[in-house]
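Novice: Below are the chains, spelled out letter by letter.
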Amino acid sequence: GESVGLHLPTLSVQEGDNSIINCAYSNSASDYFIWYKQESGKGPQFIIDIRSNMDKRQGQRVTVLLNKTVKHLSLQIAATQPGDSAVYFCAENLGIQGGSEKLVFGKGTKLTVNP
Amino acid sequence: EPEVTQTPSHQVTQMGQEVILRCVPISNHLYFYWYRQILGQKVEFLVSFYNNEISEKSEIFDDQFSVERPDGSNFTLKIRSTKLEDSAMYFCASSLVRRGGEQYFGPGTRLTVT
Numbered sequence: 197g198e199s200v201g202l203h204l205p206t207l208s209v210q211e212g213d214n215s216i217i218n219c220a221y222s223n224s225a226s227d228y229f230i231w232y233k234q235e236s237g238k239g240p241q242f243i244i245d246i247r248s249n250m251d252k253r254q255g256q257r258v259t260v261l262l263n264k265t266v267k268h269l270s271l272q273i274a275a276t277q278p279g280d281s282a283v284y285f286c287a288e289n290l291g292i293q294g295g296s297e298k299l300v301f302g303k304g305t306k307l308t309v310n311p
Numbered sequence: 008e009p010e011v012t013q014t015p016s017h018q019v020t021q022m023g024q025e026v027i028l029r030c031v032p033i034s035n036h037l038y039f040y041w042y043r044q045i046l047g048q049k050v051e052f053l054v055s056f057y058n059n060e061i062s063e064k065s066e067i068f069d070d071q072f073s074v075e076r077p078d079g080s081n082f083t084l085k086i087r088s089t090k091l092e093d094s095a096m097y098f099c100a101s102s103l104v105r106r107g108g109e110q111y112f113g114p115g116t117r118l119t120v121t
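Residue numbers (the numbering used here), protein chains in the order written: chain D, 197 to 311; chain P, 8 to 121.
Some hints here could point you the wrong way.
Selected chain D positions facing chain P (Cβ under 8 Å, derived; list incomplete) [as the list claims (entries may be wrong)]:
1) 240
2) 285
3) 299
4) 302
Derived Cβ-Cβ restraints for the label pairs, each shown as a range [as the list claims (entries may be wrong)]:
5) P:79 x D:279: 31 to 41 Å
6) D:206 x P:16: 22 to 32 Å
7) P:105 x D:251: 23 to 33 Å
8) D:224 x P:47: 20 to 30 Å
9) P:10 x D:306: 19 to 29 Å
10) D:279 x P:77: 32 to 42 Å
11) D:241 x P:34: 11 to 21 Å
Honestly, the hints are just simulated from the structure, not real lab data.
Note that the coordinates shown come from a computational prediction; the quantities given were computed from them, not determined experimentally.
Built from N, CA and C at the ideal position, the CB exists for glycine as well.
The following block holds chain P by itself, in its conformation from the complex (with noise of 0.2 Å):
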C-alpha cells in the first residue's frame, strides 16, 4: 500500500538554525500539507500547496517558514531560524482530492530545539 514517507525521524538543532524536513508523498497524489504536534496537544494545520503554490496557510505559518516541491517527488518544509517553541513532531501529508478527502499522513519528524 503506497504511503508518506518523511525524513529524518528525529532532528536536533540549536535555535537559530535553519531546518528542512523532507517528505515523499503518495506518487499520484496532488495536494499536500505540513501540520505539526506539539507535545500532548492537538494537531495543528500549518499549509497546503497545490500546483507549485501555497493554497493556505495558518497563522502559525509565518514568514520562518516556506514549503517546497523541489522535484517531481519531494516536498519540504524549511523552517529559517528555529526557535524553542518549534519544537514539535511535524507531520506531512498527501490527498487526492482539495477539500472533503482523506488526507494520508507521514510518521512524522521529531524536531527538537536547544
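Isolated chain D, as found in the complex (with noise of 0.2 Å):
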C-alpha cells in the first residue's frame, strides 16, 4: 500500500551539531518527495524537495538524500540551530505521471536543538 513512516519520533542534538531526520516510504511509485517543517501552531513551511531521478539535492545547510533500493529518504541539517526545533514532515507524491494529487505525509520526527 501507499505510506510514508519515519523511524524515529524524536531527535535531540545539541546546538551547532548535524542533524539528520529519516523517512521511510511504501510505494515504489512514488515520484515526489517533500520535507516540511512545521512549528507549533503553523502549518507545514516547505524545506526542500527531490524528484526520484535524484538521489541529492542541496539547499541552504539542508540536504535530503533519496535511496530508491530501499525506499529511504533522509534529511540533513548542518549546523543545527535552536530555531530548528519543530516537529519535521517528509511526504510523497505520485508525480506528474502518477495520476495523484494528494501529498502522503509521514507522521512526523520532533527536532529538539539544546543551547
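Assembly of the complex is requested from the two constituent chains, each provided in isolation within its own frame, with the hints serving as guidance.
Specialist: Given below as C-alpha cells:
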C-alpha cells in the first residue's frame, strides 16, 4: 500500500551539531518527495524537495538524500540552530505521471535543539 | 512573500452544527487542497480542487464535506453536521502545478467540536 513512516519520533541535538532525520516510504511508484517543517501552531513550511530521478539535493544548510533501492529518504541539517526546533514531516506524491495530486505524509519527527 | 491565509484560526462548534472554514490561496495558484491533522497524528489529505470542481478526494471526504470557490479569491470547506471526530487542524494548501510540485500550506484552522 502507500504509506510514509518515520523511524524516530523525537531527535535531540546540541546547537551546532548536524541533524539527520529519516523517513521510509513504501510506495515504489512515488516520484516526488518533500520535507516540511512545522512549528507549533503553524502550518507545514516547505524545506526542500527531490524527484525520483535524483539521489541528492542540497539547499541552504539542508540536504535531502533519496535511496530508491531501500525506499528511504533523509533530511540532513547542517549546524543545527535553536530555530530549527520543530516537527519535520516527509511527504510523497506519485508525481506528474502518477495520476494523484495528494501528498501522503509521514507521522513526523520532533527535533529539539539544545543550546 | 505571498502566502496562504486561513480564517478563523480557531472555531468551536457544537456537534451537529455546520461550519465553514475559509482560505485565501496564493493569487496565481490554480490548484487547491484541504488537509487535516488530528492532534498527534499525520497530516491527511481530504480533497483537491481545480477549475471549479473536485479533482481528487479521500475516503475521509464523505457527503458531510463540501468545497467551494465562491469568488476569485476564497476557497471554503464546509462540514454540514459536525461530529466529535471532526475535531482537528484543517490546513488549506495551493500550488502552481497539479502533480509533483510544492504545495504551500496555510497556518490552519483549529476546529473543536463539543
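Novice: Failing hints, ascending?
Specialist: Result: no hint breaks.
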